[in-house]
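Chemist: Each chain is listed here by its residues.
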Amino acid sequence: MTGSTRTEIPMPSDEMEYRGGWSLFAESFNRFLELKLNRFSLGLTLFFIVLAILAPLIAPFPYDAVDPARGLSAPGWPHLMGTDQAGRDIFSRVLYGTQTSLSIGLVTVLLGLVAGVSLGAISGYIGGWVDEVIMRIVEIFMSIPGIVMALALVSVLGPSVPSIILALSIRRITQFSRVARGSVLSVKSQDYVMACHALGMSNARIVFAHVLPNCIGPIIVLASVLLGNVILTESTLSFLGMGIQEPTPSWGTMIAKGNEFLTFAPWISLFPGLFLFLTMIAFNLLGDGLRDHLDPRGGSVV
Amino acid sequence: MSPVLELKNLQTHFETRSGTVRAVDGVSYHVNQGETLGVVGESGCGKSVTSLSILRLIPNPPGKIVGGSVLFEGEDLTQVPENRIRAIRGKEISMIFQEPMTSLNPMMTVGNQISEPLIRHLGLTKKDALDRAREMLDLVHIPDSKSWLSGYPHQMSGGMRQRVMIAMALACDPKVLIADEPTTALDVTIQGQILMLIKELQEKLGTAVVMITHDLGVVAEVADRVVVMYAGRKVEEADIHTLFERPRHPYTVGLMTAIPRLDQIAEADGDPERLTEIPGTVPLLSELQPGCAFKDRCAFATERCGQQAPALEEKSKGHWAACWHEAPFQ
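Sequence order for the protein chains is H and P. Per this note's numbering, the first sequence starts with residue 370, numbered consecutively. Per this note's numbering, the second sequence starts with residue 462, numbered consecutively.
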C-alpha cells in the first residue's frame, strides 16, 4: 500500500498469491458481514427463507384446518396468533403464507430483473431503431394499468401460482427495462467505455463486464422495492378473486380478508402484515447494503 | 524507412441538423516505425476526430468516414470487416485518452483491466495475464505494483491512472500508439513525467507514436515531425527543427507566438507583456466558405486568400505548407 491513497481499503499484502474466484468471493463476503446492519438484514432474510422451507414442520395446525367453534379467538394457547372467522390458526397460515408470498415475490422480481435488464441494456446500448422498437413496446405495456393486465392474463391462464407470477412479472419487466436503459445510456457515454472499444473488446464483453456492473446500484434498489410491491399486488389480485385461491394462504390475501374484522379481531391482518413489514425491511436493507458493498468507491464499506 | 501507418486524404463528416460538418477534410499524414509524430491544432480543428477515425471509433451515426484510406502495414483500415478492426485495436494500434480520471472502469481492479486486452488479444490465461499486468505496472513506474493489481482506480491519482492507461495501451506491444492529449488534464510536473515515460517506453519498445496535442511545448519536447491542422485540414508539415526555425504558415506562427515565455515577461519593464493571441475562433466546420479557412484571422490575408484555397505545397524538402504567402511572417 502506498502512502498516496485516500481511502483505507484493505489491500492484499505482498505474500498473497493470485487466487481463484471462490476465495475472492469469500473475502468479499466477509467484508460485507463486517457491517452490523448487513448481518442483520442478511440474517432476517435467511430467517424468512428458512421459515418458508420449514413451514410444514413448524406449523402446529394444517393451514386449512377449520374449527368453527374457536372462530375469531384472540391470540393465546393453542392458537398463538389467534384464529380467523373459520377458526383457522393464523400462526400456521402465516407460516405457509411465507412460502407462497416469498416464492411469488422472489420469482417475479427475478424474472423481471433478468428479462427487463437484458431488454433495457440491449435497448440502451445498441440505440437507434432497436431502442425505438423496444421502448415503444415497453410503453404500450406501461400504458395498460398493471392490475388490469394481470387480471386479464390470470383469467385467461387460470389462477395458479405460475400464471400469477407471469402476470405480475410483465409489469416488472417494463419497470426494470426502463431503469436499466437509463443507466446504460449514461454509462455507455463514459470515457472508459470508449477506452474499451479502443482496446478491441467485443460489444458483449463491454456490456456485461463494463457497462452493467456500473448500472447495478439503481437496479438493486429497484429490485428490493419491487419485492414488497409484488407481494402486495398479489393480494390485490386475490381480493379481486384472481389471486391465490382459498384455502391456500398468502400474506396478501390474509391481510385483505382480515379487513372486515379489523375493529374487533385485528390479529387476522396484523400478523401477516407484521411478517410482510419485516420481510420488506430485510430486503430493502439487504439491497442497500449490497449496493454500497458492490461499489468500490463506497465510503461506507469500511 | 517505410511508414507503419499512413493516412491518405482521409475525410470524416458528421451529419447534423445544421448540415454536414467536415470535421476531417482530406488529411494525409504518416508515421514511421519508432518515430513520434506531433499533431497540433486548437480545439475543434479535427485532430481528435482524425485519430478516432484511424481506429474507426467515430460514433456512427452521426459520424462517417466518407473518403480516403488509413493504411496500416498495407491494409486499409477503413475497409476491413468489423472483427478485423477489433483485432487491431489494442493489439496493433492502441490509444490513450485525455481524461485519465474517467478512462478507467471504476468497478474493476487495475489488474483485471490491464489483463483484459492480454486475454483478448494474446490468449493468455488469467494468471499469466496478471503476471504480465504486473510487469507493465513496473514498466510504467508504479511503485508496489503487486498490491496495486487489486487496487481500484479511485484510489489512484490522475498521474497514476494515466500511467495505468499507458500500461493497458502498451500491454500487447502495439506497433502504433495514438496519444490523444495525454497530458492535458494533468498538472505540469506530472505532464513532464508522463511525456518522459512515453518517450522512454517508445525507445524501449520501438513503438511509433502519434502525439495529438494543442500544446506546442509538448510537441517540442517529444516529436520528431509535426503536422499542424486547422479547420479539418493539414496546413503545415515539417520536421520539428524546421518547423520551429522557419514556420511557413501564419497559423503556425500564431500558435508559436501564443506560447508564454518566461524571458519575454522578464524583459518587459513595468507591465508584463501581454500574450499574443490569434484573433477570432475556428470557423464552424459546417459553414466553410471558399478560400483559405484561416483568412478571417490572418494578418496577411489578401484578396486571393478569399477566393481560392491554397493547396499544400512542398516549400522545401519535407516541409509542406498551404499558404499563398512566403515566410517569414514577423
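Worth flagging that the hints you see were computed from the coordinates, not collected in a lab. No experiment lies behind these values; they were computed from the predicted model shown. Any given hint might turn out to be false.
To be verified - In the EDC-like style, the derived pairs of lysine to aspartate or glutamate whose C-alpha atoms are separated by at most 20 Å in a straight line are: (1) P:LYS665 x P:GLU706; (2) P:LYS607 x H:GLU501; (3) H:LYS557 x H:GLU501; (4) P:LYS552 x P:GLU503; (5) P:LYS552 x P:GLU664; (6) P:LYS588 x H:GLU396; (7) P:LYS660 x P:ASP685; (8) H:LYS557 x P:GLU706; (9) P:LYS588 x P:GLU543.
Chemist: Indicate, hint by hint, whether the structure satisfies it.
Modeler: These are the hints, each one checked on the structure:
no.	hint	verdict
1	P:LYS665 x P:GLU706	violated, 30 Å
2	P:LYS607 x H:GLU501	violated, 46 Å
3	H:LYS557 x H:GLU501	holds, 17 Å
4	P:LYS552 x P:GLU503	violated, 30 Å
5	P:LYS552 x P:GLU664	holds, 18 Å
6	P:LYS588 x H:GLU396	holds, 19 Å
7	P:LYS660 x P:ASP685	holds, 11 Å
8	H:LYS557 x P:GLU706	violated, 45 Å
9	P:LYS588 x P:GLU543	violated, 29 Å
Violated hints for the displayed structure, listed by number in ascending order: 1, 2, 4, 8 and 9.
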